[in-house]
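Enquirer: Heads up: the protein sequence lines correspond to chains A and B, in order. Residue 1 is where the first sequence starts when you use the UniProt record's numbering, and the numbers rise one by one after that. Residue 1 is where the second sequence starts when you use the UniProt record's numbering, and the numbers rise one by one after that.
Source of the hints: derived by calculation from the structure; they are not laboratory data. This one's a predicted model, so the numbers in the text were calculated from it and none came from an experiment. Treat the hints with care, since some could be wrong.
Copies of the same chain look alike in the list, so a pair counts if it works inside one copy or between any two.
Below, in silico cross-link-like pairs of lysine-lysine (BS3-like), each with a Cα-Cα straight-line distance of 30 angstroms or less [as the list claims (entries may be wrong)]: (1) 308 / 165; (2) 51 / 227; (3) 49 / 223; (4) 165 / 264; (5) 51 / 162; (6) 125 / 162; (7) 227 / 215; (8) 155 / 51; (9) 49 / 162; (10) 227 / 49.
So you can see what is in the structure, the chains are spelled out below.
Protein chains: 2
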Amino acid sequence: MLNNKNPYKTSISEYGEFGLINHLTQNFILNNPSTLQGIGDDAAVLDPKDKKILVSTDTLLENIHFNLAYTPLKHLGYKSVVAGLSDLVAMNAIPEQILISIAVSNRFPVEALEEIYTGINLACKHYAVDLVGGDTASSNLGLVINITTVGYAHKDEIVYRKGAKPNDLLVVSGDLGGAYFGLQVLERENSVFKVNPNLQPDLSGYTYILERQLKPEARTEIKSLLKEMDVHPTSMIDISDGLASEIIHLSQQSKVGFSIYEDKIPMDNQVITTAEEFGINPITGVLNGGEDYEILFTIPIEDHDKIKHNPNFTIIGHATEYVENVLITQGNAQRIPLNAQGWNAHFSKSN
Amino acid sequence: MLNNKNPYKTSISEYGEFGLINHLTQNFILNNPSTLQGIGDDAAVLDPKDKKILVSTDTLLENIHFNLAYTPLKHLGYKSVVAGLSDLVAMNAIPEQILISIAVSNRFPVEALEEIYTGINLACKHYAVDLVGGDTASSNLGLVINITTVGYAHKDEIVYRKGAKPNDLLVVSGDLGGAYFGLQVLERENSVFKVNPNLQPDLSGYTYILERQLKPEARTEIKSLLKEMDVHPTSMIDISDGLASEIIHLSQQSKVGFSIYEDKIPMDNQVITTAEEFGINPITGVLNGGEDYEILFTIPIEDHDKIKHNPNFTIIGHATEYVENVLITQGNAQRIPLNAQGWNAHFSKSN
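Given these sequences and hints, build the entire structure.
Expert: Next up, the structure:
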């Protein structure tokens, strides 16, 4: 629907094993001194110097994590990298290498793969990471993208999910809910398009939330922002599966409770107006919708003054002694337990 | 067909995000001092000490890389790990961590996932590697397994594909073709079963080649075997896509030609008799069939005496000045150019 109809015509089978990955990665440049060997051998070789290594892996599946009807392939490549980098940002590490495995039907034309790799390359340049491995395999299963991200940090810089203490402040970067409500708009316009392919999608007035869904960014600058403020978080996680799920992760791993103030949660105005249009409580979208790729962390209460006026961050609550349920204070001052529906809802989409 | 019919009944949706991966990995033990943080955070944290890091990634797709009709799930888990480890063996590194991402339909019962993880755990114990990350996601695309392998080596221990020199000897570990002909037997019996489900598969007399297909091993001992012999290979690759494809990789990356002697290629007697039964030239299976997970490497000709009587290794040819085609000398002394059909044939299976 939003995709340009390019003249896709080159069959993947025109390239042999050596040809395809070389063709797709020929414009990629390796920049990081930690990259000793990139694509082209049995494994990448990396030099950590005196740092620790951090590694994460993510799989993105067609019709589960993305819908090709309204996801431009270049954006999909870019977003796959962002999803990987965000995990390392959430450890307070600097990502420097990625490995990407893509499985596609061999009816998928080479030009479509090229678009995905163009998006991957854009992200590599933007975030100064090197593509050092991975492959492209045939599939009769649809499009599957796996990204492995490698990064580095000194031991005392790494922030885990498990360090929060009672009274710590709970802080979030940026604003939330955009990716979820952007997805609602895309799903709606796609439904309209299916019924009447002649109708043009009406996407005016949704620029910000569509960008949050289709071309999110990883908050790689947060490590240096925190360093400048002399703030060292006690726990940290990225918001990829919805705020509720992430708070519960910090709660369970740090063995603390949390008290959240609903009216402190930062949301763009477009999130609020779009939520209203769809008849959805915007907070529901923020708590259970995912893919914002913002960062959630706790800091000692003594650091309150260092962060309170920083426009990049918002304090949304605080840690308490451990209790089974995280409590959220709503506008009417009721404190109700928070449930993580994000992942289960996500999972049940797959029938 | 070969699977036990266990009472699979627990729905994946009975587990939440926290529950499922914890449940599946509860019996996994972390053993390596290089593992600082395993599963349970945004990324694994690893300590390379003074070594370089090696990272590789592999994706295994249902109906492309494996067929659930005759692949026991436990074996599939084990073999996925072997495929990952083999890449690091081929760099002369020691693998110490793996990350596994599995995508399954949510109609796949938890008990089936448990079997896969049991196989993964067996391999982790056997090879002393730690499972430190990954996830389980829903899919409407069939079963997809991605494995990322992390290992370590000192800089001067690492062997790339690109170091072979003219006159170097070409050496292979173990014997070849078993996995390919094991697959032929399984495919045949599966076809018979489809026509008449009451017929029991006849697998007697194929024990070795079936094991090579269903439960291959990674040659992790090769690094120390070579060290004991004081042999340092000049180039190295693992044989996962067929011998022809791997020799061409070494040729292209090292810029040398190779001359191979067909009658030197080590094959088990079961490979030869099964090839005869199927009316296939056994050498064709060795050159173009994959998944043997043996290691192919070059050594300086001066090291000939160190390796010639070692039962683990066979010299099958030597490097020459660079020529476009690798030449293979057949029994009748014709020297013909070698083509890599492994991967292309593999790819074209996916329509």
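Enquirer: Please go over all the hints and tell whether each is borne out by the structure.
Expert: Status of each hint after checking the structure:
no. : hint      : result
1   : 308 / 165 : within (19 angstroms within a copy, 63 angstroms between copies)
2   : 51 / 227  : both (17 angstroms within a copy, 28 angstroms between copies)
3   : 49 / 223  : both (19 angstroms within a copy, 24 angstroms between copies)
4   : 165 / 264 : within (21 angstroms within a copy, 66 angstroms between copies)
5   : 51 / 162  : both (21 angstroms within a copy, 28 angstroms between copies)
6   : 125 / 162 : between (33 angstroms within a copy, 27 angstroms between copies)
7   : 227 / 215 : within (27 angstroms within a copy, 50 angstroms between copies)
8   : 155 / 51  : both (7 angstroms within a copy, 16 angstroms between copies)
9   : 49 / 162  : both (27 angstroms within a copy, 24 angstroms between copies)
10  : 227 / 49  : both (21 angstroms within a copy, 25 angstroms between copies)
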